[in-house]
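Asker: Residue numbers (this note's numbering), protein chains in the order written: chain A, 91 to 240; chain B, 7 to 542.
Watch out, some of these pointers could steer you wrong.
What follows is a list of derived Cβ distance ranges for each label pair [as the list claims (entries may be wrong)]:
id, chain 1, residue 1, chain 2, residue 2, range
1, B, Glu169, A, Arg143, 18 to 26 Å
2, B, Ile433, A, Val113, 56 to 64 Å
3, A, Ala105, B, Ala432, 55 to 63 Å
Going by beta-carbon spacing under 10 Å, a handful of chain A positions derived as facing chain B [unchecked claim]:
id, residue
4, Ser131
5, Val133
6, Ala136
A few chain B positions that, by computed beta-carbon distances, are all more than 10 Å from chain A [as the list claims (entries may be wrong)]:
id, residue
7, Thr113
8, Asn200
9, Glu262
10, Ala291
11, Thr342
Source of the hints: derived by calculation from the structure; they are not laboratory data. Glycine residues also receive a C-beta, built at the ideal position from the N, C-alpha and C atoms.
One-letter residues, chain by chain:
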Amino acid sequence: MSEVPQSTARIWARAVANAIDIVLVPTFALFLMLVTGALESAVAYADGFPYIRVFFLGVASYLILNGWLLWHRGQTLGKYFLRLKVVNFQTQQKADLWKLIFLRALFFGLPHAALIGFWYLVLLDWVFLIGKDRRCLHDYVAGTQIQPAD
Amino acid sequence: MKCFQRICVALPLFIVLLLPQAYAEDCSSNTIDLDNGFPHAWGIDQHSTRFVSAQNTVVNNTNVHRLELKWAYGLQTQSPRSYPYVTKDTIFYGDSGAGLLALDRETGCVKWRNQDGEGDVASAILAGTSSSGLTLYFTSRRAGVFAVDAATGKTLWHSTITEEPVPLYSGTPILAEGKIFVPISSQEIGLSMNPFYGCCTSSGGMAAFDASTGEQLWYLPTIEEPAQVIGRHFVFVEEWGPSGVPVWSAPTYHAESGLLFYGTGENYTEPATLTSDAIFAVDAATGERRWVRQFTAGDTFNMGCVIGGPNCPDAPGPDLDFGAPPLIVKNSSGATGLYAGQKSGHVHAMDPFTGEVFWSKQLGQGGYLGGIHWGIAADEQAGLLYIPISDFPSGGHSDLPPVPGMFALNVDDGSVRWKNLQDIQAIDGFWPGLSAGIVAAQGLVIAGDLAGGIAAYSAQDGTVLWQFDTAQTFASVNDVPATGASIDSHGPLLVDDLLIVASGYGGVSMQPGNALLVFQLVGDDASQTQGEQSSE
């Protein structure tokens, strides 16, 4: 592994940024649900609870809120407000968009899973922060690191 | 070599442990004698009288005091909603998520399980003969109606209706003329609690299926006009109506006229229709309405009202369904009457051919949990209607005081012959209302209460002949702790020398439990009468 200059983001800043995203995305999903009526009719519940519709509402909300920022700056809204950015750990350059969406964003649902009892998954993700690179499990999976934004 | 031996031992053991059907309590033999099955409907007979004749039970007012617990089975569900079908050696019973069980009548061991009901056997178990032999029928609340081979437990067919997007198969069907008539309610009653749900568009109804094939023959909704947008909340969420009018309970069939009778529930949303809280008479062959008699008008209510949600109608009604099937008996002059008990605490007597009301009588305070909740009974020979009153505190709408207890009414005019009220001044546990369905036999009527008591009342004067407290934990035949609590839903069954009842009901504010209890007459003449009947 090559030596890379690291001035990693503070953990509290990451937590606050994460908290902002955790609140904003479902709130926007709720708005999206209201506007589209995706969960409003009986047909949506014909095969039981409409988990797939809920999932796609969440994905759509995440991309609408964060897509442009992720693409251009490697930021979510929360990270934008806290002046943080996601970079490729190897190159310290802006991370690939596909990795941010298809690998890193997969972990975005964990804090919501904590609300229904799967808190230990969040713990598992965050326990990796104690390493010297200050990287969560999702950073290792996506090959990323959080840095202060310029 | 040692390693090989270990693998030889461990691998089969591992496989056996992984087999989902390997239960410690399974019977060693699973042969089933299908003769003498009973009862023939949720209401014991097609007229829903809940009266068991001496041909089908030896339990009567002279020997009921000799009932003793034979065995208890620990169900998986804490809200049993089934009613057994009993053959010479087997008790078929629905254990909700654990599926349909075939239990050995003597020991309670399991002969087979059918878990195709997708988790929620919610009805009495019916039986009829088809080309496959004896076939059992039941409904699963969300999955539809199922037909199962009684000998093997294999599913023969499974059907659902297509007319409603979110039907709820809550009531027990009835078998008649080669058809199975399935009452339909709607999951929207629960969805209405979701403030972002646009309540409500669906209707209750009655569906007829071919009992041999499961092919749907007709469907009659209780609301004929399509729902339209009637308002909005949260700017975007559309409110719809009319809706609701579910059919919660089993229908009643009158073979001579070919009519099917059933009661309905409230409208979920406005505008209220003329078909809510009503009795329907329908041609069983075609599904055409003959008449509809409404007893409470303008009753719009849904579960959104319970939580103060935005889906609650502006002027919610009292939710006074007909949760009990109407029953048919003849009065003293030989005229056929249709008798229906309502959650308002009223009993209504009608002409089954016109819907004309002969008399109505209010017995209890009523409320959205009854009043009269799950079922009434009748002894045609004695000229009596047996009316259990719950009066569980639940929005009682009348000025009458709560009177939980058993009432015997004269079929002719509704006058009270006797009553036996629960002592609500001395309550030190749960509310002792009589909410569950009841069962009558020669000289007695048996009812369970919400506090877990079960009692046999004399048909003569209402005195208690036998009672038992089921609100306790029993040693079970399947090593699952069997805890009794509220007796609710389908209630007790008398068959041969047995009394079968499920204790515990976790739904709608009641006390959960999971005890399936089988009582048997003990004593010399009990076995004698049983032997006499078997030899007939």
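Asker: If you test the structure against every hint from before, which numbers come out violated?
Answerer: 2, 8
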